[in-house]
Amino acid sequence: MSEQHIRLPEGSIEKTTTTLNLGPTHPATHGVFQNILELDGERIVSADQTVGYIHRAFEKIAERRPLYQITPLTDRLNYCSAPLNNMGWHMTCEKLLGVKTPKRVDYLRVIIMELARISDHLICNSIVGVDSGAYTGFLYVMQYRELIYEIYEEICGSRLTTNIGRIGGFERNFNDIAFQKINKFLDEYPAVLKEFENLFTRNRIFMERTIGAGPISADRALNYGFTGPNLRAAGVDYDVRIQNPYSSYEDFEFTIPVGTTGDCYDRFLVRNEEMWQSLSLIKQAMQKLEQFKGAEAEIYHADVPEYYLPKKKDVYTKMEALIWHFKIIMGEIDMPKGEVYHSIEGANGEVGYYFISDGGRAPYRLHFRRPCFIYYQAYSELTKDAMLSDAIIVMSSLNLIAGEMDA
Amino acid sequence: MSLTNDIIKTKLIEKFGDQLTGFEEPYGMLTFEAPKELNLKVLNFLFDDEVLKFRFMTDLCGVHFPDNKGKELGVVYHLHNLVDNVRIRFKVFTDINTPDIFTATGLFSSANWQERETYDFYGINFIGHPNLKRILNVDEMDYFPLRKEYPLEDQSRTDKDDEMFGRGGTIGFGTEKTQHGTIAESEKHNEGQEIV
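Residue numbers (this note's numbering), protein chains in the order written: chain A, 5 to 411; chain B, 379 to 574.
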């Protein structure tokens, strides 16, 4: 075997610690990234993280693409909640282009974004369960993620990498089946979430496994650039939906749950509570949608002919629609010059888009702020002096998504 | 009294005088430029000042303007004052031949990987960084891929025989041969000619 495969540095035979490669394809890492742990018995002396195994150069690719072709790239950042990334990207473009979306579009977006948040938190929390030895919860909630995916399917036709919506709104109005499924979800899910909580929240084994595992102080969390549930678990009530409301979040009533210690248990509780808040947000949005009657209830996009694809029927029959269709598809529309930063509250924290336009047809520079990438740095600090089994549970409770880390 | 862009601007000018340039407010976010030697001083001032309190680094990224001679490479910091909820953006530019900029890792732990990412893609050398090596690309890579001198592949190129993906093959959209090669090539050939 070559030197490349087994490295035995000087003094490694006599040393008293063990090196363990956790990853890149370890079943407990839930994604392709590596942790090189230095163990003293079962205690972690130091951890060294390696990322980049699925780097796909999205920022470079985006420099040659018209706006609508960048949406599918954003799907693949945090693929557990692709619609959130899609919506964030559309809103960034709308901010640059100065498009004002109708209220109904905003509320429809809130529904989709909160469904995505639920499906993301659901996976994260149930995976924390799996990694602490409780598989049942994971299998139990999986059918409700399936229901969420069916809702996406009704709206945009795809399930995981959704490419949902367009600049200015949605590609089509929500149909009756979609609304039925959303209502079904709203009816059935609370009981399931309650039972899921009953399985875990006061479960002694689960509590002893997670309380005190991977804690972080609010100060350190802020310094590490934590955002989202992980920051809130440490006790900072920062939420982009409140601080910089987008998509009419200012019209909604909801609370921001915070923890105190920032350990795995608090992160779990914060995510659970956020699911309840998301449910309430979806209910409120459904009520708000009822106020739109007649023609207003048919609005599902803003009027932006330069970026919003016309109906296929019009493309075949009307000259203007045909021209716009052609120009959009070929990416022949010049954008205004400017630079814009827009962020949304993703499932893992602040998902930001920094977009420099030089007036051309593709972004001059596009940078994604990926929350995962930024807070994964803290992993070695979080797991210092912890047990090996805690390292696994810290990883799953941080909700590390390899796609989001590597861009 | 809430913190406004004007207050921040006045405070900064009071402290640094005319060394800070290019004050702008695109889409409401105060943006300015500082000389690269000053980046840590500005960051420290923004962090420590009792009024400004920019203590959260949202984002750090690189950018490349090849036509900006002497200031080709830039680093863009997005900072956030979480108490007053104000964001600012601040840029430093450097020459591409000596792309040295002081690291912000002493102030923000989050800058560590973000600077590594910026180094990885733009080759900006962060002086004082504890572990400045590539993060997303392979260690053996000997160029900085997000710089503008590495354009993406021309999608109409025909030298690759790649029939499955519609180029170079005998059938497919845009690959039909004309007397000047493919349609895409012939369009290039016609450049400058007036279309009647």
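Worth flagging that the hints you see were computed from the coordinates, not collected in a lab.
Honestly, I wouldn't trust all of these hints.
Calculated cross-link-like contacts (lysine to aspartate or glutamate; reagent style EDC-like; alpha-carbon spacing at most 20 Å) [stated by the list, open to error]: (1) B:Lys469 to A:Asp362; (2) B:Lys511 to A:Asp362; (3) A:Lys331 to A:Glu175; (4) A:Lys341 to B:Glu411; (5) A:Lys341 to B:Asp426; (6) A:Lys99 to B:Glu531; (7) B:Lys449 to A:Asp223; (8) B:Lys387 to B:Glu450; (9) B:Lys526 to A:Asp44; (10) A:Lys64 to B:Asp426; (11) A:Lys388 to A:Glu175; (12) A:Lys287 to A:Asp362; (13) B:Lys431 to A:Asp241; (14) A:Lys316 to A:Glu294; (15) B:Lys431 to A:Asp223; (16) A:Lys107 to A:Asp241; (17) A:Lys341 to B:Asp445; (18) A:Lys64 to B:Glu411; (19) A:Lys64 to B:Asp445; (20) A:Lys99 to B:Asp426; (21) B:Lys526 to A:Asp362; (22) A:Lys64 to B:Asp517; (23) A:Lys297 to A:Asp180; (24) A:Lys64 to B:Glu450; (25) A:Lys341 to B:Glu403; (26) B:Lys447 to A:Asp362; (27) A:Lys64 to B:Asp520; (28) B:Lys393 to B:Asp445.
Okay, the calculated bits of chain B under chain A, using three or more residues with CB under 8 Å as the criterion [claimed, not checked]: (29) 386-395; (30) 427-438; (31) 482-492.
Being a predicted model, the structure only gives us computed values, none of them experimental.
By construction, the Cβ of each residue, glycine as well, lies at the ideal position given by its N, Cα and C atoms.
Going through the hints against the structure:
Our distance criterion of 20 Å between C-alpha atoms is met by Lys469 (chain B) and Asp362 (chain A), whose separation comes to about 17 Å. At roughly 31 Å between alpha-carbon atoms, Lys511 (chain B) and Asp362 (chain A) are farther apart than 20 Å, so this suggested pair is violated. Between Lys331 (chain A) and Glu175 (chain A) the CA atoms are separated by roughly 17 Å; this keeps the pair inside 20 Å, and the hint holds. With a CA separation close to 18 Å, the supplied pair Lys341 (chain A) and Glu411 (chain B) stays within the 20 Å bound.
Among the hinted pairs, Lys341 (chain A) with Asp426 (chain B) is inconsistent with the structure: their alpha-carbon atoms are about 34 Å apart, more than 20 Å. The suggested pairing of Lys99 (chain A) with Glu531 (chain B) is violated, with an alpha-carbon distance near 30 Å, which exceeds 20 Å. Restraint check: the Cα-Cα separation between Lys449 (chain B) and Asp223 (chain A) comes to about 35 Å, which exceeds 20 Å; the hinted pair is violated. Straight-line distance between C-alpha atoms of Lys387 (chain B) and Glu450 (chain B) comes to about 25 Å, which puts the hinted pair past the 20 Å bound.
As the CA atoms of Lys526 (chain B) and Asp44 (chain A) are separated by approximately 47 Å, the hinted pair breaks the 20 Å bound. Taking the CA atoms of Lys64 (chain A) and Asp426 (chain B), the gap is about 36 Å. The hint is violated against a cut of 20 Å. A threshold of 20 Å between alpha carbons decides the hint, and for Lys388 (chain A) with Glu175 (chain A) the separation of about 48 Å lies outside it, so the pair is violated. The straight-line distance between the Cα atoms of Lys287 (chain A) and Asp362 (chain A) is roughly 41 Å, outside the 20 Å bound, and the hint therefore fails.
The straight-line distance between the Cα atoms of Lys431 (chain B) and Asp241 (chain A) is roughly 17 Å, inside the 20 Å bound, and the hint therefore holds. Restraint check for Lys316 (chain A) and Glu294 (chain A): the C-alpha separation of about 28 Å exceeds 20 Å, so the hint is violated. Distance hint between Lys431 (chain B) and Asp223 (chain A) is fulfilled; the C-alpha atoms sit about 14 Å from each other, no more than 20 Å. Using a Cα cut-off of 20 Å, the hinted pair Lys107 (chain A) and Asp241 (chain A) is violated, with the two alpha carbons roughly 27 Å apart.
The straight-line distance between the Cα atoms of Lys341 (chain A) and Asp445 (chain B) is roughly 17 Å, inside the 20 Å bound, and the hint therefore holds. Restraint check: the Cα-Cα separation between Lys64 (chain A) and Glu411 (chain B) comes to about 25 Å, which exceeds 20 Å; the hinted pair is violated. At roughly 19 Å between alpha-carbon atoms, Lys64 (chain A) and Asp445 (chain B) fall within 20 Å of each other, so this suggested pair holds. Under the criterion of a C-alpha separation no larger than 20 Å, the hint pairing Lys99 (chain A) with Asp426 (chain B) is inconsistent with the structure, at around 32 Å.
With a C-alpha separation of about 14 Å, the suggested pair Lys526 (chain B) and Asp362 (chain A) falls inside the 20 Å cut-off, and the hint holds. Restraint check: the Cα-Cα separation between Lys64 (chain A) and Asp517 (chain B) comes to about 19 Å, which is no more than 20 Å; the hinted pair holds. Distance hint between Lys297 (chain A) and Asp180 (chain A) is fulfilled; the C-alpha atoms sit about 15 Å from each other, no more than 20 Å. Simply put, Lys64 (chain A) and Glu450 (chain B) have alpha-carbon atoms about 18 Å apart, close enough for the 20 Å limit, and the pair holds.
A threshold of 20 Å between alpha carbons decides the hint, and for Lys341 (chain A) with Glu403 (chain B) the separation of about 14 Å falls inside it, so the pair holds. Note on Lys447 (chain B) and Asp362 (chain A): the hinted pairing holds, with a Cα-Cα distance of about 17 Å set against a maximum of 20 Å. For the proposed pair Lys64 (chain A) and Asp520 (chain B), the alpha carbon gap of about 17 Å is at most 20 Å, so the pair holds. A C-alpha spacing of about 31 Å is found between Lys393 (chain B) and Asp445 (chain B), which places the hinted pair above 20 Å, so the restraint is violated.
Look at the stretch 386-395 of chain B against chain A: 0 of its residues bring a Cβ nearer than 8 Å to a Cβ of that chain, fewer than three, so the hint is violated. By the rule of at least three residues with a Cβ nearer than 8 Å to a Cβ of chain A, the coverage given for the stretch 427-438 of chain B holds, with 5 such residues. Here's how the stretch 482-492 of chain B fares: 6 of its residues keep a CB closer than 8 Å to some CB of chain A, so the rule of at least three is met and the hint holds.
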